[in-house]
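Going line by line, the protein sequences match chains A and B.
In terms of the numbering used here, the first sequence has 272 at position 272, counting the first letter as 1, and numbering is strictly consecutive.
In terms of the numbering used here, the second sequence has 230 at position 230, counting the first letter as 1, and numbering is strictly consecutive.
Incorrect hints may appear among the rest.
Intra- or inter-copy, both count: the list cannot distinguish identical chains.
[As the list claims (entries may be wrong)] In the DMTMM-like style, the derived pairs of lysine to aspartate or glutamate whose C-alpha atoms are separated by at most 25 Å in a straight line are: (1) Lys-14 with Asp-76; (2) Lys-52 with Glu-279; (3) Lys-245 with Glu-334; (4) Lys-307 with Glu-175; (5) Lys-33 with Glu-240.
No lab work stands behind these hints, which were simulated from the structure alone.
2 protein chains.
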Amino acid sequence: MDKTDRTSSVGLVKTKFFTFATPPAGFRLRCGKKLGPITVAYETYGELNPDKSNTILVCHALTGDAHAAGRHSAKDRKSGWWDDMIGPGKAFDTNRYFVVCSNILGGCRGTTGPISRNPATGKPFGVRFPMITISDMVRVQKALLDDLGIRTLAAVTGGSMGGMQVLEWMAAYPEMVRSSIVIASTSRLSPQAIAFDAVGRNAIISDHQWRGGDYYGRSVPEKGLSIARMIGHITYLSQESMLRKFGRRLQDKNRFSYDLSAEFQVESYLHHQGTMFVERFDANSYLYVTRAMDYFDLAADYGGLDKAFKRLKGPNLVLSFTSDWLFTPAQSREIVDSLIRVGKTAAYCNIESTYGHDAFLLEFRQITRMIKNFLQSVV
Amino acid sequence: MDKTDRTSSVGLVKTKFFTFATPPAGFRLRCGKKLGPITVAYETYGELNPDKSNTILVCHALTGDAHAAGRHSAKDRKSGWWDDMIGPGKAFDTNRYFVVCSNILGGCRGTTGPISRNPATGKPFGVRFPMITISDMVRVQKALLDDLGIRTLAAVTGGSMGGMQVLEWMAAYPEMVRSSIVIASTSRLSPQAIAFDAVGRNAIISDHQWRGGDYYGRSVPEKGLSIARMIGHITYLSQESMLRKFGRRLQDKNRFSYDLSAEFQVESYLHHQGTMFVERFDANSYLYVTRAMDYFDLAADYGGLDKAFKRLKGPNLVLSFTSDWLFTPAQSREIVDSLIRVGKTAAYCNIESTYGHDAFLLEFRQITRMIKNFLQSVV
Chain A
1 MDKTDRTSSV
11 GLVKTKFFTF
21 ATPPAGFRLR
31 CGKKLGPITV
41 AYETYGELNP
51 DKSNTILVCH
61 ALTGDAHAAG
71 RHSAKDRKSG
81 WWDDMIGPGK
91 AFDTNRYFVV
101 CSNILGGCRG
111 TTGPISRNPA
121 TGKPFGVRFP
131 MITISDMVRV
141 QKALLDDLGI
151 RTLAAVTGGS
161 MGGMQVLEWM
171 AAYPEMVRSS
181 IVIASTSRLS
191 PQAIAFDAVG
201 RNAIISDHQW
211 RGGDYYGRSV
221 PEKGLSIARM
231 IGHITYLSQE
241 SMLRKFGRRL
251 QDKNRFSYDL
261 SAEFQVESYL
271 HHQGTMFVER
281 FDANSYLYVT
291 RAMDYFDLAA
301 DYGGLDKAFK
311 RLKGPNLVLS
321 FTSDWLFTPA
331 QSREIVDSLI
341 RVGKTAAYCN
351 IESTYGHDAF
361 LLEFRQITRM
371 IKNFLQSVV
Chain B
1 MDKTDRTSSV
11 GLVKTKFFTF
21 ATPPAGFRLR
31 CGKKLGPITV
41 AYETYGELNP
51 DKSNTILVCH
61 ALTGDAHAAG
71 RHSAKDRKSG
81 WWDDMIGPGK
91 AFDTNRYFVV
101 CSNILGGCRG
111 TTGPISRNPA
121 TGKPFGVRFP
131 MITISDMVRV
141 QKALLDDLGI
151 RTLAAVTGGS
161 MGGMQVLEWM
171 AAYPEMVRSS
181 IVIASTSRLS
191 PQAIAFDAVG
201 RNAIISDHQW
211 RGGDYYGRSV
221 PEKGLSIARM
231 IGHITYLSQE
241 SMLRKFGRRL
251 QDKNRFSYDL
261 SAEFQVESYL
271 HHQGTMFVER
281 FDANSYLYVT
291 RAMDYFDLAA
301 DYGGLDKAFK
311 RLKGPNLVLS
321 FTSDWLFTPA
331 QSREIVDSLI
341 RVGKTAAYCN
351 IESTYGHDAF
361 LLEFRQITRM
371 IKNFLQSVV
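Extracted from the complex, chain A is given alone in its bound form:
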């Protein structure tokens, strides 16, 4: 632990790796193809208790990774993506819980994905990587927990696509999930959300540097990936937060330049977000993971939401945000309604926030209060 941290923190952490190959010849994916061996990058915070009953599994969103809390080095300028939520005394209290977060299957931050070496060719998979689903991601997480000897989860939690994984956990392994916390998520994407994903993928594939997905070792499709990120970013904010954050303010000028350069702050901001994203994310991963989100439809997969939730034992917390127009409060409400219909314990809060979908990464004070109260009921 880095004792010099002034704020409560898990301190310095390391990403660990686990490689598994399930017999007989790899992991059977939902699409019917096999894949293996599979490496999983993961991090853990806090200590596993003697009876191995205090694990909280944190599932990350589209562009997240295993590094959910702490810092890899004292020099790191930024902590893990959910550092506000994970640590001593925080929502996911590492004095009490053993928190596990792993990079998703198909990702590009350590877990096997399109950027990984294809054993059949010795080269990166590219688009020869099989299509993956949220269910595949969850089964890989299950394999990791099996290896760690963890047979019960105090809670599974995640926001956005992380919440989809939680929902899949609830349906696939209800005997293991003692409680669930689904944040800013949905049991299936709306056609509008699919449409935004599709345009983003189109931008990547249309970039001539994409080269059919075989760009590794050459220049990456940075323009296409950047556009995909910009589109995504708009959907993560709300009308109101954009109005507050940017309004119609100009970028470093008092009057229009009347040329094609960025005139407004919001243009410049999006461009910056796009450019930064290219530094840390793989374009093919973006194609695969957004597709996995599009495919996800818990009701279709389990014969209805009610059936998906039928075997659950523990209590469930669902949180949405009033200004989230990507994964709307109505979609969260659908989940809650189903849980209640099948007689499960479900708490729901539609948190007042202007931050849009991004609120799950920002409204940590409100979320923390809800989660602390909820986890007290779980023990």
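Dock chain B against the given chain A, drawing on the hints supplied.
Leaving out everything else, chain B in the frame of chain A:
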């Protein structure tokens, strides 16, 4: 008149052209640059009455053109873009009114724009075309009407960006505008709308076939323009209309293909819209006209909305649509509130519709009823 038309129609029409060069050396644009000569493509429907008092000016939206009603040839499969609204007995009744519609400055359908030949080089302007504004578009329309000897307008109308031109007409030439009909529009774009425009432009500019705007006579930046159109299209629809139109239905299949091809109908639809758009629109025009929309800010240009509307004489009708999230009802309401504040006659209706922004091209029965009632009060 094509008497064989079963529905009420203006029949066969021709696009006319008018070229003007204002002294001394071209038309002074808002950006400070001069441009000339300028050619304007326009169409007219109905007859101008002897005292030239029955003109209705129709302003088109981003991707519209001068061809608002009728057909150019009996073989045309489609009529003009607002044929449902313009014709004998229709909202803009050509038995009574002389309807004029011209292609905007910066457009690509006959009026001078980036695709036009630059007199200085003999080649298409490309990005050497000066930046244009809604005000410039309106002053070109004014020059056209001057040439036609029209000094008063029974009404000015338009939807979306057409509505912005109406607002500019109201502020710039209040003595000429006897009434106004602003549909699904706004006095300024929200940062979210600017953001969508900016990403669309980025997609065009990022296409390696854009070549700094000098792609004429070579392959056009079709992928970039197509992506821009897809983004735009999502913003023209509503969550509800997409849900109704596409839901999560698959494209010509019963189960997922698990590859990168279009799986969902909505993906396929957007792709088709993008591809079709490339056939009829110039990518540079898209850059310029979306920028003109972003620039538009009536309050900033006239020292407040109230001042912009102060000199108006006639009555005004403002229509918005409940599900329009691009140019929201609240934005229309701002216009109405200002009109009322400065003592003008203003009727407002927020029309119940699930079609989103596109409603101004679809809800013609409801719009027609409102407009007919309104125009009766104008005479």
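Results for each hint:
| no. | hint | in the structure |
| --- | --- | --- |
| 1 | Lys-14 with Asp-76 | within (13 Å within a copy, 67 Å between copies) |
| 2 | Lys-52 with Glu-279 | neither (38 Å within a copy, 63 Å between copies) |
| 3 | Lys-245 with Glu-334 | between (31 Å within a copy, 21 Å between copies) |
| 4 | Lys-307 with Glu-175 | within (15 Å within a copy, 67 Å between copies) |
| 5 | Lys-33 with Glu-240 | neither (44 Å within a copy, 36 Å between copies) |
Violated hints for the displayed structure, listed by number in ascending order: 2 and 5.
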